[in-house]
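S.K.: Single-letter residue listing:
There are 2 protein chains.
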Amino acid sequence: MRTLKLTIEYDGTHFFGFQRQKEHRSVQEELEKAFRQFLHEPICVTGAGRTDSGVHALRQVAHIRIQNPLPEAAIRKAVNGILSKDVVVKKVEAASSDFHARYSARGKIYQYFVWNSLIRSPLNEAISYRYPKKLDLEKMKEAGRHLTGKHDFKSFQTSGGKKDMATVRNLSALKISKKGSLISFTFEGDGFLYNMVRNIVGTLIWVGEGRLTPFDIPQILKARDRRKAGPTAPAQGLFLIKVKY
Amino acid sequence: MRTLKLTIEYDGTHFFGFQRQKEHRSVQEELEKAFRQFLHEPICVTGAGRTDSGVHALRQVAHIRIQNPLPEAAIRKAVNGILSKDVVVKKVEAASSDFHARYSARGKIYQYFVWNSLIRSPLNEAISYRYPKKLDLEKMKEAGRHLTGKHDFKSFQTSGGKKDMATVRNLSALKISKKGSLISFTFEGDGFLYNMVRNIVGTLIWVGEGRLTPFDIPQILKARDRRKAGPTAPAQGLFLIKVKY
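Quick note, the sequences are listed as chains X and Y, same order. Note that the numbering used here gives residue 116 to position 116 of the first sequence, counting from 1, and the numbers run on in steps of one. Note that the numbering used here gives residue 142 to position 142 of the second sequence, counting from 1, and the numbers run on in steps of one.
Excised from the complex, chain X in its bound form (with noise of 0.2 Å):
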């Protein structure tokens, strides 16, 4: 038995997110369908993560292990021709057999890209969030430095996750910059709860417009309470940018 670990990146526009699911089209379906074509072998794609609908990835990662000996290029080849243009196999590398996408996993990056004007961008439109109101970024700097470091990050968790589990998680970094009027978030950390980064960067859209300031941080992080953070901001400014091992 080999263990493949795969580099995989993909537009998420038209996918209802990475994991398998009946009727909808998902990245790990569309994975597994492909190496079933050449391989002839069952295959289950194992990603380092889900990513929501309409997320897109840089540089997600999965394991895969099979039988069939055919070399890492070959596969990485025969499996791209295969899938449709919006994913693809950057990379498909031997890993030891103890490798696993999820559980051998360190960290994360992800980046949100805010498209902060009052008119549209057809050319940014698939990869950000249009926000109209003017955002003042030196508040949301400071926000973002009260959420920096190991915190009980519940309120920022969207519940129908798993009730009583630990929700600390070390965000060790959250850069804010700004491109024209292109504003980009990057955050890293050892792990993210579900739709913590959306959850963050719809509360720090709140602080740059002043419905929120700095200082309302330390207090929504102490009340473990989702009411009291602002909104999810919407998929499609999010990128899953690398996994960490």
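Keep in mind that the hints were calculated from the coordinates and are not lab data. Just so you know, even glycine gets a beta-carbon here, dropped at the ideal spot from N, CA and C. Please note that the accuracy of each hint is not assured.
[To be verified] Computed from the model, here is a short list of chain Y residues facing chain X with C-beta under 8 Å:
(1) 9
(2) 56
(3) 59
(4) 87
(5) 88
(6) 90
(7) 93
(8) 119
(9) 120
(10) 122
(11) 123
(12) 125
With chain X fixed as given, assemble chain Y onto it according to the hints.
M.R.: Positioned in the frame of chain X, the structure of chain Y alone reads:
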């Protein structure tokens, strides 16, 4: 009669170019239809230049002449409320009565993107031309230096243009840079022949892979023969970045 200068952005993927044509969707027609809907008078949108089917624009310029006294900001808001997602009017500005989007233009900037990798990129698919073979950037830059300046570019004009037209143009700058797998070509000039940018990119790619040398460029220019230059690079990598007045 008022003359309005329009700055327009579009994702060219689903347009058959800028110019109105029967039975195909064009940027010009979409704009005219949208303006007519609330201005209630005949509208002709005159662009700074055509862009071909699939070519994108970050700041295309056009003008309209109207009688309606609606303020510029209201016109912009109204038209963008009607236009589909892949096109937007970024600016509506009052212009002098002799302003003409095409004849007043003093120059243009185009950018072309090549995704230079064996592996396709779903996230760059719609905005670049994927070229899998290794390209020598230094050789392409050297070839670019032979193209910069005032030359007869007839060898880089796709036939179909009017015969006996002047084919001398001043290409004031041609910059080539690479970031990751993405190669960017930026062209700045007083005017461009039909398909000139795409024909130059096709030729530079041939230089990059060694099918031509930088020293072939002066000969190709001298020949004034389209067959001596390289192929036409595809539309989806091309962006009209700016029109200068």
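S.K.: Give a verdict on every hint.
M.R.: Hints, one by one, checked against the model:
no.	hint	in the structure
1	9	holds (5 Å)
2	56	holds (6 Å)
3	59	violated (11 Å)
4	87	holds (6 Å)
5	88	holds (5 Å)
6	90	holds (5 Å)
7	93	violated (13 Å)
8	119	holds (5 Å)
9	120	holds (5 Å)
10	122	holds (4 Å)
11	123	holds (5 Å)
12	125	holds (6 Å)
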